[in-house]
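S.K.: Kindly generate the complete structure, drawing on both the sequences and the hints.
Number of protein chains: 2
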Amino acid sequence: MKVYEKIYDYFVSDMRSGQLKAGDRMPSLRKCQETLSVSRTSAETAYMQLAADGYIYSVEKVGFYVTDLAGRYSDSGKEKSADEKNKLQTREKIIYNLETIGTDKEVSILDLWRRYMKSALRQEERLLSYAGNQGEYDLRSEIAAYVRKNRNIICSPEDIVIGAGFQSLLSILIALIPGERSISFPTRSFTGCAETFSMAGFDVAYRNKASHVIYVTPSCMTKWGDVMTMKRRKELIEHARTNGHLIIEDDYQNEFVFSSRPTPSLYAMNGGEDTAFLGSFSRVLLPSVRISYLILPKGVRAEYEKIKKYYNQTASKAEQIALTQFLRDGHLQRHIRKMRRLYVNKRAQTVAAIKKSFPLDTQIKLGNSGMEIGLILNGKNLMKKLENSRVAVTPVEADEKSVSVLISCSAIPGKDIKAAIEMLACDLYPDKRS
Amino acid sequence: MKVYEKIYDYFVSDMRSGQLKAGDRMPSLRKCQETLSVSRTSAETAYMQLAADGYIYSVEKVGFYVTDLAGRYSDSGKEKSADEKNKLQTREKIIYNLETIGTDKEVSILDLWRRYMKSALRQEERLLSYAGNQGEYDLRSEIAAYVRKNRNIICSPEDIVIGAGFQSLLSILIALIPGERSISFPTRSFTGCAETFSMAGFDVAYRNKASHVIYVTPSCMTKWGDVMTMKRRKELIEHARTNGHLIIEDDYQNEFVFSSRPTPSLYAMNGGEDTAFLGSFSRVLLPSVRISYLILPKGVRAEYEKIKKYYNQTASKAEQIALTQFLRDGHLQRHIRKMRRLYVNKRAQTVAAIKKSFPLDTQIKLGNSGMEIGLILNGKNLMKKLENSRVAVTPVEADEKSVSVLISCSAIPGKDIKAAIEMLACDLYPDKRS
Numbered sequence: 000m001k002v003y004e005k006i007y008d009y010f011v012s013d014m015r016s017g018q019l020k021a022g023d024r025m026p027s028l029r030k031c032q033e034t035l036s037v038s039r040t041s042a043e044t045a046y047m048q049l050a051a052d053g054y055i056y057s058v059e060k061v062g063f064y065v066t067d068l069a070g071r072y073s074d075s076g077k078e079k080s081a082d083e084k085n086k087l088q089t090r091e092k093i094i095y096n097l098e099t100i101g102t103d104k105e106v107s108i109l110d111l112w113r114r115y116m117k118s119a120l121r122q123e124e125r126l127l128s129y130a131g132n133q134g135e136y137d138l139r140s141e142i143a144a145y146v147r148k149n150r151n152i153i154c155s156p157e158d159i160v161i162g163a164g165f166q167s168l169l170s171i172l173i174a175l176i177p178g179e180r181s182i183s184f185p186t187r188s189f190t191g192c193a194e195t196f197s198m199a200g201f202d203v204a205y206r207n208k209a210s211h212v213i214y215v216t217p218s219c220m221t222k223w224g225d226v227m228t229m230k231r232r233k234e235l236i237e238h239a240r241t242n243g244h245l246i247i248e249d250d251y252q253n254e255f256v257f258s259s260r261p262t263p264s265l266y267a268m269n270g271g272e273d274t275a276f277l278g279s280f281s282r283v284l285l286p287s288v289r290i291s292y293l294i295l296p297k298g299v300r301a302e303y304e305k306i307k308k309y310y311n312q313t314a315s316k317a318e319q320i321a322l323t324q325f326l327r328d329g330h331l332q333r334h335i336r337k338m339r340r341l342y343v344n345k346r347a348q349t350v351a352a353i354k355k356s357f358p359l360d361t362q363i364k365l366g367n368s369g370m371e372i373g374l375i376l377n378g379k380n381l382m383k384k385l386e387n388s389r390v391a392v393t394p395v396e397a398d399e400k401s402v403s404v405l406i407s408c409s410a411i412p413g414k415d416i417k418a419a420i421e422m423l424a425c426d427l428y429p430d431k432r433s
Numbered sequence: 000m001k002v003y004e005k006i007y008d009y010f011v012s013d014m015r016s017g018q019l020k021a022g023d024r025m026p027s028l029r030k031c032q033e034t035l036s037v038s039r040t041s042a043e044t045a046y047m048q049l050a051a052d053g054y055i056y057s058v059e060k061v062g063f064y065v066t067d068l069a070g071r072y073s074d075s076g077k078e079k080s081a082d083e084k085n086k087l088q089t090r091e092k093i094i095y096n097l098e099t100i101g102t103d104k105e106v107s108i109l110d111l112w113r114r115y116m117k118s119a120l121r122q123e124e125r126l127l128s129y130a131g132n133q134g135e136y137d138l139r140s141e142i143a144a145y146v147r148k149n150r151n152i153i154c155s156p157e158d159i160v161i162g163a164g165f166q167s168l169l170s171i172l173i174a175l176i177p178g179e180r181s182i183s184f185p186t187r188s189f190t191g192c193a194e195t196f197s198m199a200g201f202d203v204a205y206r207n208k209a210s211h212v213i214y215v216t217p218s219c220m221t222k223w224g225d226v227m228t229m230k231r232r233k234e235l236i237e238h239a240r241t242n243g244h245l246i247i248e249d250d251y252q253n254e255f256v257f258s259s260r261p262t263p264s265l266y267a268m269n270g271g272e273d274t275a276f277l278g279s280f281s282r283v284l285l286p287s288v289r290i291s292y293l294i295l296p297k298g299v300r301a302e303y304e305k306i307k308k309y310y311n312q313t314a315s316k317a318e319q320i321a322l323t324q325f326l327r328d329g330h331l332q333r334h335i336r337k338m339r340r341l342y343v344n345k346r347a348q349t350v351a352a353i354k355k356s357f358p359l360d361t362q363i364k365l366g367n368s369g370m371e372i373g374l375i376l377n378g379k380n381l382m383k384k385l386e387n388s389r390v391a392v393t394p395v396e397a398d399e400k401s402v403s404v405l406i407s408c409s410a411i412p413g414k415d416i417k418a419a420i421e422m423l424a425c426d427l428y429p430d431k432r433s
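Protein chains in written order, with numbering that gives the first Met the number 0: chain A, 0 to 433; chain B, 0 to 433.
Source of the hints: derived by calculation from the structure; they are not laboratory data. Since we're looking at a predicted model, the values are computed, not measured. Careful: at least some of the hints might be erroneous.
All copies of an identical chain are treated as equivalent in the list; a pair is satisfied when it fits inside any one copy or across any two copies.
Claimed, not checked - Quick list of in silico lysine-lysine cross-link-like pairs, BS3-like style, CA-CA up to 30 Å: (1) K117 x K1; (2) K117 x K104; (3) K20 x K117; (4) K20 x K148.
M.R.: The following block contains the structure:
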């Protein structure tokens, strides 16, 4: 544990015990240095982290004050609900987290990305002007080259629209298809995108072939990453063409299709007709970088030229400039290859550990893509045991006799996989533990 | 002119004359260095700038190619329309630009901002995770402190939602006010925001007091920056309260209210009831930084907690982290004070120059805020003369005898103001030139 973390914990514990209350002034940095015998930097880092996590806030030229948040977590806090208390207790108990789909630090490219950001921040002329609505032209050129190489898509920078996340891009697409008023999603988990369509007056359905717009994720058809077969792809394209439907191809997880041959994109198979393509760099680059892109269906490009002035760019210009050069230098391709190798390895390790630690009647669901593995577990009171487990996983469905869960091995360090799986098995099947 | 700019112009001129055509390969960087006797860095910078402006694109491990764009501007290009030709000719002729509301480089804080971005990029843990939907908590704390100090607004970080631009924030607000279905804007110039409401099924009107939602910019009521009077503010609040209407207060240009006392915010006057507040940092910080915020009306906060999971964050996390510390250290306040001093000075210079160079019957419209000055010019064929002028300004309306234009002195260097105004007068009134 680093010094600043100790300082952090020291104050959080004071807040929880009620010694520091909402509205109290924090000791000055100098006081903190002296009392705890720590360096200025450690004290500062701890305070910044406390502020970042919402425990304290600063008042210019005065100092730091304790927020409400701290009070809510405190044992004597009045605002604390039973729910929050449970959450907190659970959070403190978790030793391994197999819930998140975060990035493995082993393949972090943050150092490299920092260099490109620094270089982007030197482009004075570009940073002193507003971003173009469609996104930076040179980034769109690089994306056109990237999808030509990886997704067989032939398109020009003019066909590509940049945005911070899918929701703002879908708002633009919706404005381009005014006749269509119903959409079908593969599952109920596309909450954000479904909300965007619903707010625009669309009827939202699930797996309904009659909908005007059909949203699909061909590289991730099930929670554990089954990939859409060629046969289904051809059928879908044929169906959409016959009925005049629009396909939205969300390319989620395509970079992590492991066990099958590279999958062709629907957009390419369909020659760009009646298909919109959505891609994102958040997952393959850094979760905090919000740059996504929409490749417009061929038919709406002229219409887009007319309405683009109404839609301001949302993605950061500096990050767009950095990503352009990052792509140009081939770093993303290299990084994806590296991640694929690591993740293939971790998936195999996870499956081996499950086979060793779990009862024989446990079903393992392993798709062709992604870092999530499905497990169907048999036994009683498993939901209760999952809630109390020291290992966090994502429950999918449950009945009296069995529970399905998803296990993600993307964020956990490879060296911890075996121990985490063993601990989970031990928490769920304490009696069977040999 | 810097060396890289010469190289840039050299190639653009080759493209325009047709010596380099769309699809042609550019000389390699080494070749360019040798032929033109320039440094590697200059050649690279020129190529990057050509790529950024859409003239060339790179193909990994092969080189750079000329795009369509270059062809469209070429004298022999087939795609070039009369419109584009005119635009290009005009663009080449412009000596002074009084059209843009860009930033004056004299008060650029890019160097300082770079330092904060570098520091933000060191926060590894935060950059390796996804951004919270509502925006970073510590940034919201700083914004709460900022509006408390500058706008008399008492609110908590929980009342504030961060987003990249107003459109994504308004989408969220719309979802929170499902009953309301008509909105009124002050003028037709709010195209982006009007589009967002229109797509959500709202009737869009202008200056219509009967609309359910009333969008106002109290610090910029006219094109030349008139500020809403206290009397009007009270009337508006009373009207909204009586009829159950919602006010959206767009705080545009409040930082640049010069000649009157600081204007109270409607949000504060109304105690946060039935009022949503929109603020942005793009204008006061850097145009390329897309961070805006919405302060929720008091009544919808609980509802927001329910729907916030559907709205992913759009603003860059690194920029949010940098801005937090930037605000905390008081730099924005200092920067705004500096800009205000500079702009007050430039406005006075511009007005003095206009009085000296223009005919006596010219009307000067000068509001209390902003860097735009309105001019009502009398004379014949003025629109034609404006189009051919070497000074770019923004025409607002015209009849046979007169033309109104807007002149912005924000981006032009102070030392050029006098010459620019004289040149404009000379182009519009060539006969009166003494």
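S.K.: Hint by hint, which ones does this structure get wrong, listed from lowest number up?
M.R.: 3
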